[in-house]
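Chemist: Use these hints to put chain B onto chain A, whose structure you have.
Chains as they are written, first to last, in my numbering: chain A, 1 to 113; chain B, 1 to 116.
Heads up, a few of these hints could be off.
The calculated SDA-like cross-link candidates involving lysine to any residue, where the alpha carbons are at most 20 Å apart (straight line), are [unchecked claim]:
1. B:K41 <-> A:Q108
2. B:K41 <-> A:S3
3. B:K41 <-> A:S85
4. B:K41 <-> A:T110
5. A:K49 <-> B:V98
6. B:K41 <-> A:D84
7. B:K41 <-> A:K68
8. A:K49 <-> B:V115
9. A:K68 <-> A:D55
10. B:K41 <-> B:S90
Derived from the structure by calculation, the hints contain no laboratory data.
For reference, the chains in residue letters:
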Amino acid sequence: GNSVTQMEGPVTLSEEAFLTINCTYTATGYPSLFWYVQYPGEGLQLLLKATKADDKGSNKGFEATYRKETTSFHLEKGSVQVSDSAVYFCALIRGSTLGRLYFGRGTQLTVWP
Amino acid sequence: GAVVSQHPSRVICKSGTSVKIECRSLDFQATTMFWYRQFPKQSLMLMATSNEGSKATYEQGVEKDKFLINHASLTLSTLTVTSAHPEDSSFYICSARVGQGANEQYFGPGTRLTVT
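Isolated chain A, as found in the complex:
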């Protein structure tokens, strides 16, 4: 079946620290991979995506590379800010599942000044 596994949080960092949130997936074929961010009390916003192997998605200083050989899509940022504090969800879509998103459990990130 299709599933996403994220590292468990919460993750607490000081401002300007390096961030990695691990994400691995299980899926047959070639899924599209996404990172979504959820700020307190809000819905989800798409942070970045990658649709094929070796693609790198990037946005707002965040990056993630689609690694088919390790079935991973780890999220990284070189220097986090207090405003990055949020919950981050890794997700995948397979085209044959008519667009159903499979989410990881989410990782809470808190950045202290």
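Modeler: Coordinates of chain B only, in the frame set by chain A:
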């Protein structure tokens, strides 16, 4: 572009009453809309998938008679929680997709339902 709105953002209702939540795609036509439920500090649970003009497809374990979904047009889907109970209190989020397959989804801001 690709904005999805939900109304209301927060609602408090009494046990036994029904509540309707609207999900609208503001600047695009959504062929498919999805309804999710999110418990505190947990991931999103897909409740149902709805396509315009057809019956919604519910996930296993979701009561279709309790959570009524109507996708009346390409820009509007509604979720009605009937005979609400306190355990229905949750954060409900909709998303909308253009086209088929692996196209990305755009999420609404969510509706916080509290049943007293």
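Chemist: If a hint holds in the structure, say so; if it doesn't, say that too.
Modeler: Against the structure, the hints:
no.	hint	verdict
1	B:K41 <-> A:Q108	holds (8 Å)
2	B:K41 <-> A:S3	holds (19 Å)
3	B:K41 <-> A:S85	holds (14 Å)
4	B:K41 <-> A:T110	holds (14 Å)
5	A:K49 <-> B:V98	holds (16 Å)
6	B:K41 <-> A:D84	holds (17 Å)
7	B:K41 <-> A:K68	violated (29 Å)
8	A:K49 <-> B:V115	violated (36 Å)
9	A:K68 <-> A:D55	holds (10 Å)
10	B:K41 <-> B:S90	holds (11 Å)
Violated hints for the displayed structure, listed by number in ascending order: 7 and 8.
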